[in-house]
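Asker: Single-letter residue listing:
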Amino acid sequence: GENVEQHPSTLSVQEGDSAVIKCTYSDSASNYFPWYKQELGKGPQLIIDIRSNVGEKKDQRIAVTLNKTAKHFSLHITETQPEDSAVYFCAARNQAGTALIFGKGTTLSVSS
Amino acid sequence: GAVVSQHPSRVICKSGTSVKIECRSLDFQATTMFWYRQFPKQSLMLMATSNEGSKATYEQGVEKDKFLINHASLTLSTLTVTSAHPEDSSFYICSAITGAKNIQYFGAGTRLSVL
Chain A
8 GENVEQHPST
18 LSVQEGDSAV
28 IKCTYSDSAS
38 NYFPWYKQEL
48 GKGPQLIIDI
58 RSNVGEKKDQ
68 RIAVTLNKTA
78 KHFSLHITET
88 QPEDSAVYFC
98 AARNQAGTAL
108 IFGKGTTLSV
118 SS
Chain B
74 GAVVSQHPSR
84 VICKSGTSVK
94 IECRSLDFQA
104 TTMFWYRQFP
114 KQSLMLMATS
124 NEGSKATYEQ
134 GVEKDKFLIN
144 HASLTLSTLT
154 VTSAHPEDSS
164 FYICSAITGA
174 KNIQYFGAGT
184 RLSVL
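Chains A and B, in that order, give the protein sequences.
What the first sequence shows, in my numbering, is residues 8 to 119, in sequence order.
What the second sequence shows, in my numbering, is residues 74 to 188, in sequence order.
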């Protein structure tokens with residue numbers, strides 16, 4: 008089955024800096040890669056996703072890149088703000104209608 | 074995005090009792106819902122896939138007789154933790170897929186504490 012590795016497990020940045028979180032996946036058939044933000048005591052919230060037919064997607068301060076050959080994808084957050092502090096999870100899926108498989112999460116701390 | 078409602082948000086129960094958690098898709102029909110479990114500072118672990126009108130598919134290591142899943146309608150799936158024990162204390166989160174893009178949305182989670 009699919010296995011998703013995520014790094015780093017913790018990331019501390021200063022407000023205004025950029026943050027990058029990286030994930031690798033094992034199943035070459037995976038074709039959908041979302042990123043979720045989870046605040047303490049809450050459910051995950053989708054922040055951006057990318058499908059295997061594109062290499063990059065951007066939404067304001069957030070961007071995701073995908074390298075299918077290397078089987079890795081990354082989340083980029085620019086101009087970080089304290090409210091970006093949360094746990095971020097990457098995930099992968101190889102078939103529509105099936106469940107996402109999650110990475111272990113990255114705790115992002117943005118200090119002002 | 075689509076709204077997935079989960080209830081209750083928190084429940085405390087005595088060991089040996091059963092607890093039911095509800096997951097509703099508020100503005101869409103969900104033929105498939107998923108139940109995840111999350112321990113503190115850990116990732117989401119898939120417990121089972123809930124299909125409307127049929128039996129749930131459980132992941133390896135998840136006891137189907139302990140975690141009863143019912144998906145009787147296109148907008149409601151329930152998870153019942155039977156004969157709960159302290160080790161069942163965890164954060165349970167449901168999710169549902171919607172739309173042509175098959176985006177997976179999550180509920181707010183249920184914090185279960187078994188005394």
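FYI, nobody ran anything at the bench for these hints, they're computed from the structure.
Among these hints, one or two may not hold up.
[Claimed, not checked] Computed footprint of chain B on chain A; a stretch qualifies when at least three of its residues, placed anywhere within it, have a C-beta under 8 Å from a C-beta of chain B:
| hint | stretch |
| --- | --- |
| 1 | 43-53 |
| 2 | 59-70 |
[As the list claims (entries may be wrong)] Straight line, CA to CA, 20 Å or less: simulated SDA-like cross-link-like pairs of lysine to any residue:
| hint | chain 1 | residue 1 | chain 2 | residue 2 |
| --- | --- | --- | --- | --- |
| 3 | A | 49 | B | 155 |
| 4 | B | 174 | A | 49 |
| 5 | B | 137 | A | 105 |
By construction, the Cβ of each residue, glycine as well, lies at the ideal position given by its N, Cα and C atoms.
Asker: So, for every hint listed, does it hold in this structure?
Answerer: Now the hints, each set against the structure:
no.	hint	in the structure
1	43-53	holds (count 7)
2	59-70	violated (count 0)
3	A/49 <-> B/155	24 Å, violated
4	B/174 <-> A/49	24 Å, violated
5	B/137 <-> A/105	19 Å, holds
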